[in-house]
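Sequences and hints are given; from them, build the entire structure.
Be aware that the sequence shown starts at 4, since it is given in the numbering used here, and climbs by one per residue.
Please keep in mind that the hints were generated in silico from the structure rather than gathered at the bench.
Distance ranges between label pairs, derived from CB positions: (1) 292 - 335: 19 to 29 angstroms; (2) 364 - 299: 11 to 21 angstroms; (3) 335 - 581: 43 to 53 angstroms.
Ideal placement from N, C-alpha and C gives every residue a C-beta, glycine not left out.
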Amino acid sequence: MPPASPAPSRSLADDIRGRSDAELTALLAARPDLARPAPSDLTALASRSSTRASTLRAVDGLDLAHIQALEAAAVAGDSVTPAELSRLLGGIDAASATRLLDDLWRLALVWRAPEGTVVTRTAKDVLGEALAGLGPSGDDLPGGDALDETTIRAAVAQAPPRARAVLDRLTWGPAVGIVAAEDAPGRRGPSDDGPRWLLTQGLVRAVAADQIALPREVAMTLREGRVHREVQLEPPTVTGPERKVDAVDAAAGAAASEVLALLDELLDAWSQTPPRVLRTGGLAVRDLKAAATRLDTAPEHTAYLVELALIADLVADDGEVDPHWVPTAEYDAWQTEPGGERWARLAQAWLSTTRAPHRVGSRTDASSVVNALGGDVQWPPIRSLRRGVLDLLAATDVGVAPLASDLAAAVRWRRPRRVPRTLESVVEAVLAEAAWLGVTGHGALSVAGRALLASGGDIAGVAESIHPHLPTPVEAVLLQADLTAIAPGPVTGSLAAFLRMVADVESRGGATVHRFSEDSIRRCLDTGWTGEDILAGLRDASSTPVPQPLEYLVRDAARRHGTVRVRGVSAVIRSEDEAGLDVMLAHRQLSALQLRKIAPTVLTSPVRPDVVLEVLREEGFSPVAESAAGTVTVPTRPARRVVRRSSVDPALVQAMDDAQITSLVAGLRASETESRARAAAAPGGRTGPPIPANDPTTSVAVLREAIADGRAVWLGYSDGVGRTQRLLFYPERLDGGRVTGTSEGVTRTLSVHRITGVVAD
Numbered sequence: 004m005p006p007a008s009p010a011p012s013r014s015l016a017d018d019i020r021g022r023s024d025a026e027l028t029a030l031l032a033a034r035p036d037l038a039r040p041a042p043s044d045l046t047a048l049a050s051r052s053s054t055r056a057s058t059l060r061a062v063d064g065l066d067l068a069h070i071q072a073l074e075a076a077a078v079a080g081d082s083v084t085p086a087e088l089s090r091l092l093g094g095i096d097a098a099s100a101t102r103l104l105d106d107l108w109r110l111a112l113v114w115r116a117p118e119g120t121v122v123t124r125t126a127k128d129v130l131g132e133a134l135a136g137l138g139p140s141g142d143d144l145p146g147g148d149a150l151d152e153t154t155i156r157a158a159v160a161q162a163p164p165r166a167r168a169v170l171d172r173l174t175w176g177p178a179v180g181i182v183a184a185e186d187a188p189g190r191r192g193p194s195d196d197g198p199r200w201l202l203t204q205g206l207v208r209a210v211a212a213d214q215i216a217l218p219r220e221v222a223m224t225l226r227e228g229r230v231h232r233e234v235q236l237e238p239p240t241v242t243g244p245e246r247k248v249d250a251v252d253a254a255a256g257a258a259a260s261e262v263l264a265l266l267d268e269l270l271d272a273w274s275q276t277p278p279r280v281l282r283t284g285g286l287a288v289r290d291l292k293a294a295a296t297r298l299d300t301a302p303e304h305t306a307y308l309v310e311l312a313l314i315a316d317l318v319a320d321d322g323e324v325d326p327h328w329v330p331t332a333e334y335d336a337w338q339t340e341p342g343g344e345r346w347a348r349l350a351q352a353w354l355s356t357t358r359a360p361h362r363v364g365s366r367t368d369a370s371s372v373v374n375a376l377g378g379d380v381q382w383p384p385i386r387s388l389r390r391g392v393l394d395l396l397a398a399t400d401v402g403v404a405p406l407a408s409d410l411a412a413a414v415r416w417r418r419p420r421r422v423p424r425t426l427e428s429v430v431e432a433v434l435a436e437a438a439w440l441g442v443t444g445h446g447a448l449s450v451a452g453r454a455l456l457a458s459g460g461d462i463a464g465v466a467e468s469i470h471p472h473l474p475t476p477v478e479a480v481l482l483q484a485d486l487t488a489i490a491p492g493p494v495t496g497s498l499a500a501f502l503r504m505v506a507d508v509e510s511r512g513g514a515t516v517h518r519f520s521e522d523s524i525r526r527c528l529d530t531g532w533t534g535e536d537i538l539a540g541l542r543d544a545s546s547t548p549v550p551q552p553l554e555y556l557v558r559d560a561a562r563r564h565g566t567v568r569v570r571g572v573s574a575v576i577r578s579e580d581e582a583g584l585d586v587m588l589a590h591r592q593l594s595a596l597q598l599r600k601i602a603p604t605v606l607t608s609p610v611r612p613d614v615v616l617e618v619l620r621e622e623g624f625s626p627v628a629e630s631a632a633g634t635v636t637v638p639t640r641p642a643r644r645v646v647r648r649s650s651v652d653p654a655l656v657q658a659m660d661d662a663q664i665t666s667l668v669a670g671l672r673a674s675e676t677e678s679r680a681r682a683a684a685a686p687g688g689r690t691g692p693p694i695p696a697n698d699p700t701t702s703v704a705v706l707r708e709a710i711a712d713g714r715a716v717w718l719g720y721s722d723g724v725g726r727t728q729r730l731l732f733y734p735e736r737l738d739g740g741r742v743t744g745t746s747e748g749v750t751r752t753l754s755v756h757r758i759t760g761v762v763a764d
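Structure follows, in structure tokens:
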């Protein structure tokens, strides 16, 4: 059984092999990429943990405090102790320095050696040469050896003002500065007295004709031994005004109800007249503007709604030769669910998506405009950023509405290497989307938002949390004498469908106002309704009698509707209103129809009947289609649907649970024991550690580290007949898929793809 606290090791592999089961479990939980696919044994686990891709992922996940600690440990040299780290971080207490090193050790970014804690070589490579704004050491720069601290301090004390100003600019980074070069032929160096004096003293080095660099040891002396100007061990405080909890949940419920109504109206319209898919994918700008006009929402809000429909699988490309954005069959099922379940599905899809609706309308690196529903809206960083913002909201007290600037600063501290340059605008976009969806209310996280973050994908629990705060749907509207209908709450089902057909939305809010007009009544008549049908529907929909002005409007529109009839010849226009036909003939906007009068009540046109109908309606006439038998025909426009396809946002990684990790650790222990026993019993007196079965990426990482350290490795090599040899190999050069080195005194070049595994000696 391994010890509870590993003894100092001489390599990362020894360090990992010496960890307890609990410590290995913590490592795999913190770095799940190490467990997929499952490594063959602990040696393979150690090799995989030192690959650049895995190390980069681990370093990118560190908060600012641990990034600063890792950088300070890397600056320290070969190893660092807690006391040394405390000094490099500006004198933080020893307990904090020890805690930071322990956390980095749990992540296998450092390992414990007899002389102290050692930063892995791959972690140093990931941090880069200019870590913490420091340049290379004087030994690695042209112009001489590194200076000792005493010499540096003496020279700095004598620096003239212009030279001192240059040092002040370079001290905290960047370590390279651009200066004006001398114009004299054949001479290289700065023309300014300050940089020239620094060069003569060795305090800076010339790295180009117009560039100087500050050596690391000079910068550390000027920094008084501190790696960072300001050490931030704790995250910034997130504050904001306090809201009443009931008001927060009420506002969130109202927003949730509104987003359900807006999506229902948008997709109902797209069921009849779906917009086209652009050749490059996405939704045309004019179609997005048309949707914004219909919904009476801002362009960015409309873009969010259409994107929400896509990520919730409510709309998709129908895949036809002439493709359109069509609601899916999933939309019909979604409509039949209670409001809480409908909202929960939208919220879960939004939380897990990698699409960023706020990018719509911006420009890509290629200067092309990002279209809604297009591929450029996909932006993987938004998922973690969105979750980070919401987690910060959840960490505040109930009812607190944090400021966007505070949230941005806290997100930057949590993941300093993963934040975009436009972090502030991204945070504001996430907050706006959360408010539109009802995850927040008045800027504070609602009870439904907290349930969403804690749900783990449970739709029922999220639906139950939002249900009490959704406004109760109304079963009747209030008809007004000013030709409006007021809905004092959300309208759903057949009542919503009837109102969409017979009226237009004038304003939204706590009470939605629907406006009746001649155009809206005619739109309903065009679908086959009669004036009496509309009046009967209004009586059923209203809790008050139908006002006389509205009744007059319906009867007048119904009386004039259908006086003009169109049948195919190409097209025949027939009407008992001779004066009306004369108006058509004189109408300049109808000249494209090439109307000809063949009788007092009959006009003809060479244009198709459906086009004639559309043009006449656009110009304010009220025609209807007529069959050859003289009866009125009502065109049927079935709602279009597309079969639901796979989700546009599958989860990239699924977390491993405790049982899976425990089982994996037990298997690694057994494999390690078996490998050691097999190596001990191997013929030919070969000794050394067991060789894991590594993938080429892991093998290359181990070989690179061995070349850098000048160490030997044990490797398995498959020869031309399929036999695997066990070699003690001293690698010297790695390029072109081949590694060159010596084995048993003979120089050999091995193909990387034939190497079955590598382990450091």
